[in-house]
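**Student:** As a plain string of letters, each chain reads:
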Amino acid sequence: MSRLPTVSANMVWAVLGLIAAVVMVVQKLYIALAVFALLILAIAATRRTVRGRAFTDRLKLPVLALLSAFLVGGIVLILSDLEFYSKLSANPLGTLEASFGRVVVAYWELLKGAFGDIPKISTALASGDRNKIGIAFRPMSETLLATTPLILTGLGVAIAFRSGVFNIGAEGQLKIGAVFGAWVGIWIPLPFPFGLILAIAAGVLGGALWAFIPGILKAKTGAHEVITTIMLNAIAQQIMLALLLTPILRPEGSTTPISWPILEASQLPLLLALPKLRVHWGLILALVAAVGTSWLMFRTTRGFEFRAAGLNPRAAGYAGMRAGRTIVLAMTVSGALAGLAGAVEVLGTNRYLSPGISPGYGWDAISIALLGGTRPLGVVIAAFLFGALRAGGQGMALATGVPIDLLGFISALVIMFVAAPRLVRELYRVRISSAAPQTPKVVETPV
Amino acid sequence: MRLQLRGITKQFPGVLANDHVSIQVDRGEILALLGENGAGKTTLMNILSGLYRPDEGEIVVDDQVRVFRDPAEAIAAGIGMVHQHFMLVPVFDVTDSVTLGSEVVRGPLGVLDRTTARARIVELSSKYGLDVDPDARIEDLPVGVRQRVEILKALYRHSDVLVLDEPSAVLTPQETDELFTIIRGLAKAGTAIIFISHKLNEVLEIADRITVLRLGKVVGTVRAKETTSSALAEMMVGRQVQLTVDRKDAERGETVLSIKGLQVRDDRGEIAVRALDLEVHAGEIVAVAGVQGNGQTELVEAITGLRQLDAGAVTVSGQPIPFDPRHVADMGVAHIPEDRLRDGLVRGFTVAENYVLDSYHREPYSSGIRFHPDVVAAAATTAVRDFDIRTPSITTDVGSLSGGNQQKVIVAREFGRAVKLVVASQPTRGLDVGSIEYIHRRIVEQRDAGVAILIVSTELDEVLALGDRIAVMYGGEIVGILPAAEATRERVGLLMGGVR
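These protein sequence lines are chains A and B, in that order.
For the first sequence, our numbering begins at 1 and goes up steadily by one.
For the second sequence, our numbering begins at 448 and goes up steadily by one.
To be clear, the hints were calculated from the coordinates, so they are not data collected in a lab.
No residue lacks a Cβ here, since even glycine has one placed at the ideal position from N, Cα and C.
Heads up, a few of these hints could be off.
Unchecked claim - If you want the footprint, here are the derived chain B segments under chain A, 3+ residues with CB under 8 Å:
1. 534 to 540
2. 776 to 784
3. 804 to 813
What the hints assert, rightly or not - A short, non-exhaustive set of chain A residues, derived as facing chain B with CB atoms under 7 Å:
4. Gly292
5. Ser294
6. Pro313
Stated by the list, open to error - Here are some of the chain B residues that sit facing chain A, going by a computed Cβ distance under 8 Å:
7. Asp696
8. Arg699
9. Phe770
10. Leu792
Modelling step: build the complete structure from the supplied sequences, incorporating the hints.
**Tutor:** Following this line, the structure appears as structure tokens:
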């Protein structure tokens, strides 16, 4: 039993590193090299303290899962090109090189789409033209814009998982939150910031209410929350659509299912006063929610109950905690965060409500909670990553013609690898101390 | 047939479970493997049965080195296991349970041939005196008979070596005697037996030779005729052991716990405790003996507010107990639950968090909704010192402590406040001798301080060692209460079997 990787694993690493280095030099990605070196230095620095070591150990699984997902994604990208097969027989080496190059370019465009193009940014900054600066930073802004609701829904799902309930209903809770937030934002004229605060509160309430239903059903009747939350997602979607077709939300006589715009005083202000940058104060709200979640889970008696119930509900009951109350509360808080995400989207990003309010933020939340190890900081990082994928995917599709669906495929793979730590362990021959992120047990094992 | 394990070594992360262990058993011989929990007995047997591969060492059957890659290969080599927890399908009948996995079939479609199978089972059971009805359903059978079905399963697969893992844990003394008769019969017919146990007296009674394991190593092998229980105990623990608990006579005070006409149902809605009357006074220990599953669990849960009463009354110092464990704890009732990791501790929580598992919501650990981890840490540090809990730190996951130290965390939590009544269920199950001594001493200290104590245990030795009065439960009822002076193994044993 040694902590060091085996010789064969070292060789694998060396070969991989060599390939990576060659690719980077060829593509003149000196910046990537520098980032790589900084990363290694940062990791080496954390290894000096026990807490730091624990932190980087926790990173092992998600990082390797991510790497594997992109590797497999690249292979699939090559194999899904129909011309690849016919060309392969004619010119095997050249075709392989070309396909490999295609993957590298696709991923490079993905990065550019998510974080921006460094030469472009520097010229824009040098020119001092506000318009140019806005355009150069737009990719980053779009990433943060997508990150915002993902942090909130991810936190909600993570709280539920930690408390022993599978909240699969963030999508529906988000939509109800959006409907509540939109209604208040449209119809209640109050001076800033009271209109905004009231609209946000309404969104939180809507999400909480929508999650309270499966919570109370489970506590009182034992109805499984996976089933009820999924069903409630469908109901939420239909409620939202139905309301968008009535004067409750849209102008009379309108033929499109799009609501009135949100009142100016109830909108979330933009974070930066530069053209093209849509990122708004919702991001700050999301980060505050992450800190708040951390406080709730680790610094309050409720959080203590949530965590105890998530780890061992039976012992929690023996210690006098009320299982039913914990379930209902955890679900409600979880839904409140998803509802907040809905309100933020409607009050900040879109400034009106339409059926496309959520391109699956509630579903990504499950992946984000898992990838982030159901910890608030982890969720923020994972949400940023998923936000980058969403924003960068557009750029990648535009620049290279690689279908954006590849990213759905990659995010699914990430989760598969995170959920199967043993697979990652075997693939890379590393010790991964902690098992898969904590999720509720779906099947109770009879004693 | 001769089975040898030579120099078996097995390393788990952080634990050397087996360190060059060698044992040998011959045809017709009964070898006992004696050791405390964690000594490496189970690991060794899992290697023998093909569940684990040893890091070093070899398994030799009749001078031939064998490698078992999975349990099927071990079974094919003639090694039969009877696990501590039975591996039976409750709704199957005996014939199907025995043949499951090696069914007799005929014809190209593989139709089950139950007639032939049944005939073989009848033949086997009469040959070895294993009295079992081949058509009875498993769930209708008492535990002792189920164990015979497990033995039949092994014989049906032509086992030359039979491994029994703690076989008496679930049996009454009388059932244990019957089991021993069967084991001796099997040995006489040529089967080699490996009998795993931590009970000294049992091992002395049944075994020809005894191999003692401690911390993964063989301490020695002795002939049963040439040793004594205190010599074995010393080998097992590594020092001299006191086998009885030192204590003075009980000074009985007023009634603390009073149970009248109690009826409780189990999870399936069946009556598990019926018409039960019992009183426990301040300053005395009442020990409830009984074979597992005779209503003890439900009785304890009813007293501690975890289970609704069906009928009758339970009072503590005259106050009826509510159906709310937190409220019951507030009345001065301490509860040591029967399964540490299932009921008593939250694995994944630190030692400190587990220490306040039932008091986290009170001052000074929290004020209002705010929880104060630093105050908890300070209190836990004191408790770790006072109760001699061996842990690397108070932020260690409680799941990584040894069983004895886990139990000490619970004892520290429950005894750390003012209590009137202690309800302790299987307080020393699976613990090493040192921890058992410690827990017993703490319990007797509480009694001497005037606390009423109710102990529920399936270990007859524990019941006899601790109880001032001994109540025996059978079929949900108390079938007899004996003062310690009149409670002999035989009398208690008969009552445990339901014979009044």
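**Student:** Now tell me, hint by hint, if it's right for this structure.
**Tutor:** Results of checking the hints against the structure:
1. 534 to 540: Violated, because only 0 residues of the region 534 to 540 of chain B bring their Cβ atoms closer than 8 Å to Cβ atoms of chain A.
2. 776 to 784: Check passed, 3 qualifying residues.
3. 804 to 813: Since 5 is at least three, the answer is holds.
4. Gly292: Because about 13 Å separates Gly292/A from the closest Cβ in chain B, which is outside the 7 Å limit, the hint is violated.
5. Ser294: Given a least distance of 13 Å, the restraint on Ser294/A is violated.
6. Pro313: With Cβ-Cβ at 9 Å, over 7 Å, it is violated.
7. Asp696: violated, 33 Å
8. Arg699: violated, 30 Å
9. Phe770: For Phe770/B, the interface hint is violated, since the closest Cβ of chain A sits about 12 Å away, which is over 8 Å.
10. Leu792: holds, 6 Å
Violated hints, listed in ascending order, are 1, 4, 5, 6, 7, 8, 9; each of the other numbered hints is respected by the structure.
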